[in-house]
Every structure is written in C-alpha cells, then in structure tokens.
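S.K.: The primary structure of each chain is shown beneath.
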Amino acid sequence: MSEGYVVRNLGVRVGDRTIVEDISFSLAPGQIVALAGASGAGKSMSAMTPFGLSAGVASGSAMLDGIELVGMPERDLSRIRAEKVGFVFQQPLTALTPHRTVGQHLQEAAMQAGGVKPDKAAMVAMLESVGLSRPEERLAQYPHLLSGGERQRVLIAAALAHGPRYLVADEPVSALDAALRGEIMALLVRLCRERGMAMLLVSHDLAGIEHHADRLLLLEAGKVAEAGPARQIATVPTTDYGRRLMAATPRLSEPLHQLPDTGETLLEAEAIHVHFPKPGWRRGRIDAVVDASLSVAEGETLALVGGSGSGKSTLGRAIAGLGPTAAGAVRWQGTVIPPRNRRNAEHRRLIQPVFQDPLASLDPRWSVADIILEPVKWLVPHEYRAERAADLLEEVGLPRDFAGRKPASLSGGQAQRVAIARALAANPAMLLLDEATSALDPLVADGVVALFDRLQRARGLSLLFITHDLALARRTAHRIAVMEAGRIVECASREELFANPQAEATRRLIAASG
Amino acid sequence: MRPALVIVALIVLAALLVPPLLPFDHVAIDWDSVRVGMFTDGHLLGTDDLGRDRLARLLVGTRVTLSVALAAALVALVIGVAWGAIAGWVGGRTDELMMRIVDGLYALPFMFVVILLMVVFGRSILLVFLGIGFVEWLTMARVVRGQVIALKQRPFILAAEAAGSPARATLLRHILPNVAGVAVAYLMLTVPHVVMIESFLSFLGLGVQEPLTSLGILVNEGAEEMDMNPAALLLPGGVLVLVIACLTIAGERFRDRLADAAR
Chain A
1 MSEGYVVRNL GVRVGDRTIV EDISFSLAPG QIVALAGASG AGKSMSAMTP
51 FGLSAGVASG SAMLDGIELV GMPERDLSRI RAEKVGFVFQ QPLTALTPHR
101 TVGQHLQEAA MQAGGVKPDK AAMVAMLESV GLSRPEERLA QYPHLLSGGE
151 RQRVLIAAAL AHGPRYLVAD EPVSALDAAL RGEIMALLVR LCRERGMAML
201 LVSHDLAGIE HHADRLLLLE AGKVAEAGPA RQIATVPTTD YGRRLMAATP
251 RLSEPLHQLP DTGETLLEAE AIHVHFPKPG WRRGRIDAVV DASLSVAEGE
301 TLALVGGSGS GKSTLGRAIA GLGPTAAGAV RWQGTVIPPR NRRNAEHRRL
351 IQPVFQDPLA SLDPRWSVAD IILEPVKWLV PHEYRAERAA DLLEEVGLPR
401 DFAGRKPASL SGGQAQRVAI ARALAANPAM LLLDEATSAL DPLVADGVVA
451 LFDRLQRARG LSLLFITHDL ALARRTAHRI AVMEAGRIVE CASREELFAN
501 PQAEATRRLI AASG
Chain B
1001 MRPALVIVAL IVLAALLVPP LLPFDHVAID WDSVRVGMFT DGHLLGTDDL
1051 GRDRLARLLV GTRVTLSVAL AAALVALVIG VAWGAIAGWV GGRTDELMMR
1101 IVDGLYALPF MFVVILLMVV FGRSILLVFL GIGFVEWLTM ARVVRGQVIA
1151 LKQRPFILAA EAAGSPARAT LLRHILPNVA GVAVAYLMLT VPHVVMIESF
1201 LSFLGLGVQE PLTSLGILVN EGAEEMDMNP AALLLPGGVL VLVIACLTIA
1251 GERFRDRLAD AAR
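For the record, the sequence lines run as chains A and B. Counting with this note's numbering, you get residues 1 to 514 for the letters of the first sequence. Counting with this note's numbering, you get residues 1001 to 1263 for the letters of the second sequence.
Rather than coming from a laboratory, the hints here were simulated on the basis of the structure. Just so you know, not all the hints are guaranteed correct.
What the hints assert, rightly or not - When the alpha-carbon atoms are kept at most 25 Å apart in a straight line, the in silico BS3-like pairs for lysine-lysine are as follows:
1. A:120 to A:84
2. A:117 to A:84
3. A:406 to B:1152
4. B:1152 to A:278
5. A:406 to A:377
6. A:223 to B:1152
Only chain B is shown next, with the shape it has when bound in the complex (with noise of 0.2 Å):
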C-alpha cells in the first residue's frame, strides 16, 4: 500500500504544482517550434502539431482526470452510501422498492445514454461527470446497504435500541461510523475505475472539450503519432497505467486490512 500511495501522490503534487512553474501554458501556441522534439528550445517533451507543451500538457490532463474521478467518486460516495444506507436500515418494501430502481438504472446501456446526453445537450465537463456518477453510485448503494443489513443484525443495534437511542441517532451514530471504513475503501476502488471511463469517453471524443486536454485526449493523439513518435501515446498511456493500478492496489490493500480488522 505504501508504495503505490507515494507514487500517487508524486503524481498528483506534480500535476497540481509543476504548471504554474513551466515556462509554457497547456493552450499557448509556441510558433517558433511547431512539432519539436524532446529537450528543444526549452520544451522538455517537446511540443504537439500546434506547438502546445507537450509536458504542461500532460501534467494539465492529468490534473482533469484525477479532478473529474475523485469529484465523481465523492459524488458516488454521497448519493451511494445514503441511498443504501436509508434501503438498508428501513428494509422491507422500500428496500425492495430502492433495489429495484438500482438494478433498473444498472440495466441501462450506459455509453448509450452518455452519447445520447452528450448530442442532446452538448459536450461539457459537467455532464461527464453527471453521467460518470450516476453508474458509479450504484454498486457503491450496494456494497453499503450489505453492509447496514449485516449491522442492523448486531446486537450492539438491539443495544442502543433498549438504551432508547431515536432509530435516527443509532443510524448516524452507530450504523454510518461502521460503514464507513468499507465505503472509503470501496470510493478507492472507485477513483481508478472512473479515471478509465472519464479516460475512454475523452478518447472516443465525448469527454471535456479542447483545449482543455485529459490524459484519454492525450492517448488519443498519441496514437495518432505512434509511428513517428511513440512517446506522445507512452507518455500519457503509462500516466494513465500507474495512477491506475496504484489506486486499485491501495484501495484493495485498505479493503483487506479492514477485512483482517473486523475479523
């Protein structure tokens, strides 16, 4: 865990830190230098078609991506744990009711309604993100509403109940706290998972908008250059692959360290 969590953080101090310290902006056009290679007229990675820096680029996507995952994470994580939590803890028909409006919105072929959102309204980041949250909250409503119904069978609940705590304090007071370390560890396992579909969407050219860049743009134009120039599809793609996989390593590492805990 410790290790992926350093390189993680590297990565995001160097995305939020390092752009303001480059010499070029990610939309500044350099014309002097149009296409040059690494280490030219003071471009580290060199510069694209249109003679943007290549590395304030990177650093730029990088920072969209991470921002746009964790906000849709935390968006996740809020309509997730409540709708779950309240399906739980209420049980009966209206946690029949809650699940079924779940497995109702998980049987939607999701590209087909970010598409179908995207030509209605428009490309923005905004409705990437809406439409990113609102796949990403399901499973999470899952996990948690397992959890609660495991809890509410404690007699610790029973407990509180007999101590005559109000069923809306033992929620908040009891039932959340305890859910609380699986729901962290599952918004870990969340993170990674929207960075690739935020990643997928920008490379099909759904996802935000020039010239504001994603390391899924990134890819994308990369690959338009393999041949000539591997580095521009290397540099983003293997970002990409290590926020990635230290992310899930980190939040699986954390989701079994609370298994051995609770144990």
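So here's chain A without its partners, still in its complex pose (with noise of 0.2 Å):
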C-alpha cells in the first residue's frame, strides 16, 4: 500500500458547470501542500470534492494511501474519513454547536471512527496540544464563551481528538485577527511536524502561507497556473499570475514606494471618547474609544491599524460623524465640526466613507446612477447633472454604461468602485475608508489601493485608513496610528515605526505581520 495523498487531473464539476479542470499534485506523510489563489479559482472545491465535502462531483482520481476516493460511495468515505482526516474550516464561530460544551465536542470527535470515550486527562491534554490556557475550565465551556481565536484552537484540538494522518484546512485563519493568524498558522504546522501529519492548506493569502508550507500550487480559474516549492514560487514567480498575486499581496519586507506629498494639516481631532451601553438590560457601558487624538494633513493618507474591537472603525466613524462621539472635538482647519446629528451639508461633504462589504453598501432596489448621484441630491445640489454619474464611473475605471446597472450584476471589485464613485460625487477632501479593500481577493483589492494612490495624487485627497493589515498600512500610508482596547497607544510615520517601534502593541502587530 502506497502511503500519502496523490491527485491525478482531478475535476470537479457542481451541475453543468466545470469549477475545477486537471490538477494533480500529492502529498506525502508529513508534508505541507497548499492550494492558493483568487476566490472562484476553486481552491476548497479541489480541497473538499474527494472527500465528499462539497456540492461538487469529482472526476479523474484521488487515492489515499492508496484508496481512490473519488466515485466511492458515501458510507466509505464517511469511514475513510473519520479514520484517517482531520478537517479545520474558516468560520469559528459558526463551526462549533452552540449548546455542546467544549469537552462534549471533543468526546464527539474522538469517539467518530469507534475510538474510545477519552477521559478527562486526555482531553485536557489535547487541548494544551494547542495552546489553550486553563485547559480543565474550558472542557466544561460552551462556545459563546470563547474567543474567535480560542474557537479555532477548540476546532483543531477536535480536528485532530482521533489522531489522523491527514488535516484539510480550508482558509483555516482568514476569519481571524491579524495577530492571531501567525499564531493559528504556527500551531498547525508544528503539530503537522510533531505527528508527521500531512496537510492540505487552503488559503487566500499567500504571505501567510508562503513560509510554512512546503509545496504552492497557484490556482486560476480552476486550473493550476504555478505549482512548485513554495519559496521558490513566492520569491521568483514565473508565471504572470503568480507575479501578479505576489506583488499584490504587501509584505513587510518589501521597498517603501514614494508616497505623495503632504500639505497643511487639515482635520484634528481631540481626545475623542466613544462609549457603548451594554447591550440588553445590563447596567454599565462599554468604551470603544478612549482619549483619542489624532491629525490628518492635505494630501495625506494617516492608516489606523489594530486587532478587531480595537476601536479603529469606531473612532473612524465618529470624526466622520457617522457614528456616536461623548466627547472632544473635531477639528476642520481649526474650526470645530459638530458631532453627527448637528453636521450640516458643509461638514457631510468633507468626509465620505467607503465601507468594507462593497455588496452591503450599495442598496440593491437602485440603480449605480442613483446610487453614485445621492450625495449630489443632499450635499452639492447646485451641481446636479445626470452626466456626472458616468463622469465619476469614468474616474474610477469603470465604462460609463454601468450607470443604468443595479448592484447585483457588479462584481465585489466593481461594487467598491462604485462605492469609492458615490464617495468622491460629493468632493470631498478626505476618504474614510473603513477597511475598503479586506473583503476583496489580493488582485481586486490591489487595484483598489492603486486607484486610492491615482484619486489622492489627482484631487489632492487626504485618507483616513482603517485596516488591519500593517503590511498594507506600509505600504499606503504616510503615517500609522497603532490602536488597542480603544486607545491610539502608537502613532508615527511609517519608516519610524518599524525602525522603533514604541508600544507593545506596535511589536505584537509586527512579529505578527512577519
């Protein structure tokens, strides 16, 4: 019997459609082997179809340890399953039972292919196996309990309660902070080479992947485009594709681009406080933002990175008075703006947002025309002019014909740009991008960033960059402002920064960005 993991021109086909054509690769014991590219390449359809985990039908042929999987019928793949794979998702908080605790969940998993009912000692066990503090509470923890993180490392512990030989791991920390994914990224590969287990890594983010996993396979629309030693392809791609995704996805390490220059400082603002009551009938309140401060020039673009719940978008939201302030002020070249319900249309157009979910801020029942032309209505009505869609469709590089469009024919690149469009119908002088560009794939997203360089150096427009991805902060913008439980605890430019960086903070964002 032939160990490891071989594909040969696997296919998959979900109705008349072809979704995945002739890729082959294997995996040996032990070996790391990813599956990367832009979403709709069919990177978890090649991943799932074998084993019976997706909507998919496969075609051509997968054997595993010598067992081809595909045509086998339900039942064995069930056992081939539950006997030898491991399997991690991207959603933590949906992938685990609500009402089961943490250490039913993990009885579940190592009793699946007949194995014993685990006691205590060992389930405490598997759960240090993957870092999880105070392993005893935990077992009796329910879900909701836990945080996104811990989630992921409860479903690894029970991906891998009945010790296979092989982990799927479909974008296994996508749904993660940024500080957590190198941590999640690190724990599965050193138990891969702890156990000698093999994995199969799915993932749309390549610098992620690119220093764990032995083997890259690059996929484009369902067919392999680069495949080789995964070093070897994210340093010296020899494919157009595989050069394209690699430039557009940031990395730490690479040159500083020169940035557009700065003018006079346009917006201040002053010791902002955000505070949340808690939700339900508890009494109490939450501060999201605490003694924050800040400026933003002309022409600048300043990025607040953090982890999730840091307060980034909140404070974003109310200088652009979009959101609750209690208290300080916006400044607007020294002049005080008012919180969000005293603004007026003056003060609206200054700042514009763009949102992340390009699908969700665009209404579905309108058309792009009335979309990009709302603010017009509201904001500028002297400047009203039907021609003025397409101008603006123009300038952010898409056909002057998608006025007429509904949001539902755009694709999600296309969404943003009309969302950037509706932004800039206003003239404003600042951008508030909430993290316009994170639920893109590397390609679109990059195109986007290139369009924000174009539009600033074009109208002379200052940026408020919320992300959470420090390599991309890097590379935009001219300043970053670290933020963390609510509290700008670093800001500086961005050659500053990661010469010297201040806060602890600032140190964990970058070791994890590394």
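Could you fit the two chains together into a complex? Lean on the hints.
M.R.: Written out as structure tokens, the structure is:
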C-alpha cells in the first residue's frame, strides 16, 4: 500500500459548470501542500470534493494511502474521513454547536472512528497541545464563552482528536484577527511536524503561507497556473499570474514606494471618547474609544491599525460623523465641526466614507447612477447633472454605461468602485476608508489600492485608512496610528514605526505580520 | 406558484363576472322551485330552502369573503407596516413601548373581543372587518420591524447618512422599498388567514348578515342538510379550501423566492 495522498487529473463539476479541471498534486506523509489563488479559483472545491464535503462531483483520481476516493459511496467515504482525515474550516464562530460544551465536542470528535471515550486527562492534553490556557476549565465551557482564536484552537483540537494522518485546513485563519493568524498558522505547522501529519492547506493569503508550506499550487480559474516549492514561487514566480498575485500581496519586507507630498493640517481630532451601553438590560457601558487624538494633513494618508474590537472603526465613524461621540472635538482647519446629528451639508461633504462590504453598502434596489448621485442631491445640489454619474464612473475606472446597472450585476471589485464613485460625488477633501479592501480578492484589492493612490494624487485627497493589515498600511500610509483596546498607543511615520516601535501592541503586530 | 395563482384568478373572475349573467340574483326567491336539485328550471346548482339560486349565492358568497379578506389584509398591511417601520427605525424606548403594546393586544382573546363588539354594536360587515384587521396587523408589524432593524444595520443606510440624506428620505427611499417584498409576501399569506377567520365568524353566525352571504354562512347552511344534499356543504367548502390552499401556496413560494433573491 502506497502512503500519501495522490491527486491525478482531478476535475470538479457542479451541475453543468466545470469548477476545477485537471489538477494534479501529491501530498507525502508529513508534508504541507498549499492551494492558493483568488476566490472562485476552485481551491476549496479541489480540496473538499474528493472527500465528499462539497456540492461538486469529482472526476479523475484521488488516492489516499492507495484507496481511490473518487466515485466512492458516501458511507465508505465517511469511514475514511473518520479514520484518516481531520478537517479545519474557516468559520470558528459557526463550526461549533452552541449548546454543547468544549468537552462534548472533543469526545464526539475522538469517538467518530469507533475510538474509546477519552477521559478528562486525555482531553486536557488535547487542549494543551493546541496552546489553550486553563484547559480544565475550558472543558465545561460553551462555545460562546470563547474568543474567535480560542474557538479555532478548539476546532483544531477536535480535528486532531481521533489522531488523523491527514489534515485538510480550508482557510483556517482568514476569519481571525491579523495578530492571531500567524499564531494559529504556526500552531498548525508545529502539530503537523510533531505528529508527522500531512496537511492540505487552502488559503488566499499568500504572505501568510509562503513560510509554512512545502509546496504551493497557484490556481487560476480552476486550473493550476503555477506549482512548485513554496519559497521559490513566493520569491521568483515564473508565470504572469504568479507575479501579479505576489506583487498584490503586501509584505513588511518590501521596499517603500514614494507617497504623494502632503500639505497643511486639515483635520484634528482631540481626545475623542466613545462609549456604548451594554447590550440588553445590563448596566454599565463599554468604552469603545478612549482619549484618542489624531491629525491628518492635506494629501496625507493616515492608517489606523489594530485588531478587531480595538475601536478603529468606531473612532473613524465618530470623526466622520457617522457614529456617536461622547466627548472630544473634531476640528477642520481649526474650526470645530459638530458631532453626528448637528452636521450640516457642508460638514458632511468634507469626509465621505467607503465601507468594507461593497455589496452591502449599495442599496440593491437603486441603479448605479442613483447611488452615485445620492450625495450630490443632498450635499451639492447645484452640481446636479445627469452625466456626472458617468464621469465619476470613468474616474474610478468603470465603463460609463454602468450607470444603468443594478448592484446585483456587479462583482465585488466593481461594487467597491461604485461605492468610491459615490464617496467622490460630493467633492470631499477626505475619504474614510473602513477596511475598504479587506473583503476583496488580492488582485482586486491591489487595483483598488492603486485607485486610491491615483485619486489622492489627482484630487489632493486626504485618506483615513482603517485596516487590520499592517503590511498594507506600510505600503499606503504616510503615518500609522496603532490602536489597542480603544486607545491610540502609538502614532508615527511609517519609517519610524518599523525602525523603532515604542508600544508593546505595535511590536506584537509587527511580529504577527512578519 | 403559477397553477395556484391561475386557480385563484379563475375563482375571482367567476365571482366578479358570472353573477350578473345569471337569470337569478342571490336574494330573489323562485316560488315555483323551492329546494329543487341541480339542473332544474334553470337553476344549475338547484335552490335552497327559501328558493334562492345556489350558484348565485355561492358566487356572491365567494365575492364577499374575498373582499372582506382583501380589505382586512390591506388594513393590516398599512397599519402593520407603519407601526413596525416606525418602531424598528426609531428603536430604543419607543421601539420597546410600541412592541409591548403589540404584545398586549396579542394577549387579548380575539374571539371574545369580536363577540363583545357584535353584542354592543350589533352585527355589521364593517365590524367584522375592523375586528379582523385589528388582530392581523400585529404579526405584520413584528415582521416589518424585524426587517427594518436588519436593514438599518446595512452599510448603505450609513452611506445614505454620509450622503446627507435626511432620516425621512432614508426611510421612504431606502428602507420601505426594501421591506416591500417581504410585506407583500406576508400580505399574500394574510389573505387566506383572514378568509378562514371570516368564514369561521360567519359560520358561528357572527359574520355578515342575511340576505348577504359568505362562504362561512353557506358552509353553515350546508352542514344542516348534509345528509340530504351533500353538495350544499361540499361546494362552498371546496371553494373555501381551494382559495385558502392556493393563496397559501402562492404566498409561500413568493416568500421563498424573495429569500433566494436576497441571498
């Protein structure tokens, strides 16, 4: 019996559509192979379909330890899965059953292949091996008491509970905070090395996997664009697609590009505080932003960087007048502009937002032209012209005839460009970019980042760039402000921040992004 | 959805267009042929105890039942959408208060309230219809409120605020059009429910008043002579079942289609 997982000419169809064609790779015991590529490239489908865990139908051949998986009936497949393979999925929030404790999850996972019921000591050992603190306590806890990173650790422990020889990890860290991604990825790699387990890793984040995987397959539209040792593809990609994908992935090690010159200070936020009442009937409040001050100059990009829940979006919204402000002042060229409800059209015109989820930020019932002209109608009515929508579409790199379309017919990148056109419609001086590229594919996101650069140079725009991605901030921003637990812990120029990080949070972020 | 809607459309057309073409109306008494069987003396479905044409009464009864149902459902739609949209949009204490009022009204025994109204004000079709509208808007308000709250958190509402759109304009131009689909789907499910309630009230003798008739009254009358003349029960009962089933199927399909489109 030959060991390992060997895929030859794998194809996947869903209905009449061919999703994946002619993919071949092999996974030797103890090896880590990564499938990477843009979304829709067929990475997850290629990884999951042979194991019967997708809606697709596989063709070709996938041999696991000499057993053919393609065409195997579901009953036998489920036995193979239970005996030999562990799975880690993307969504740690939904992959655990809410009413069952961590211990019950581990028991179920350990017993799936007819294993014996693990005793408490065995389960504690499982949790310890995935680096979870206070494992005895955790066993009795329910999933909602755990953070995202802790849940993903529990899921990894459950995936390994029955001692599989193979691990299939489908975007295991994409739903996690930037700071946690490196940790969890390192944990997966360490577990593989310790146990001689082979891992098939699916990820769109090239920077995150290039140091961990042994081999890398770049998929493009269901076909292998490039395959080889991970380190080699990451440093010297040979295909055009590989080069574009690598260039689109920001890294801390890349050389700094020249950014546009900046002018005088436009916006100053002083000692901003924001708090929310606790949800439900509970007393007390949550301090989302504490004593945050920042300034942005004309033509400057200031990046607000931090983990999720650090208050960066809340601070951005308070400044743009789109969220509550409890205390503090926002000044524009020295004049105070009032908080949310008392802002007039002129105040609102100055700062326009672009949000993370491009499709959710467009009203599905409106046409693209109506969406783009909405700010014109309310904020600069004297400039209302029908062709203005088409002009703005052209400015953001979309065809003029998109004006008549509905959001449902747009791709994510196109929808985000429409949202940017809407933000530009009122001739703002500053854009609030709230994770504006993080829901997009690497290539599409790179195009949008380039668009921001072009707009900044052409219009002299200031950008408040909220992101969790430190490498992206380093690529795009003049200065970087690091937030943690509602406070700005450090704010420095990008050169200084990396040369001489002051705050502990900054050092942790740099380490996690490296 | 298609066949169900076709059946409903045929029934509605028959109820509206056929009665004027019949040689008898639903109150006229044919003294020469009282309680005759089908296809006798030009009475296609025969006549009842008082010599009234059964076909005319069936069609008019269908018409009354359907129009009461449609009117009550529209009342429910208007009140429910307005109430739910305001509660969901304003939120906070206002929302709490408005929804507790809805909960309170839910807790009232509906039949008891209707009977009380009948006793105090006498029987009238207007009361039936007010009484039904009175309960049906509650669920509509809950459905709409939930939708509005979900929509309110979508970024395009925040973008509208950034675009300087006043709250009223945002509510009218962003929120309500996006709630419309769900509200219409729920309206389509409310109509059969109201048909049922109206027929039930009429069956108990609390609904519309003679000589006007409705499906519920016809079922009641038919039940009294079902041993002699089963068709008198089966025909109005069959129409009732057909209308309720078809509208429910069409409404559920429409709702599912909306849910798919939203995904």
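S.K.: Compare the structure with each hint and give your call.
M.R.: We went through each hint and held it up to the structure:
1. Among the hinted pairs, residue 120 of chain A with residue 84 of chain A is consistent with the structure: their alpha-carbon atoms are about 23 Å apart, no more than 25 Å.
2. Our distance criterion of 25 Å between C-alpha atoms is met by residue 117 of chain A and residue 84 of chain A, whose separation comes to about 18 Å.
3. Distance check on the hinted pair: residue 406 of chain A and residue 1152 of chain B sit about 20 Å apart at the alpha-carbon level, within 25 Å; holds.
4. Distance check on the hinted pair: residue 1152 of chain B and residue 278 of chain A sit about 19 Å apart at the alpha-carbon level, within 25 Å; holds.
5. Taking the CA atoms of residue 406 of chain A and residue 377 of chain A, the gap is near 19 Å; set against the 25 Å cutoff, the hint holds.
6. The hinted pair formed by residue 223 of chain A and residue 1152 of chain B fails the criterion: a straight-line CA distance of about 41 Å is larger than 25 Å.
When held up to the earlier numbered hints, the structure conflicts with hint 6 and nothing else.
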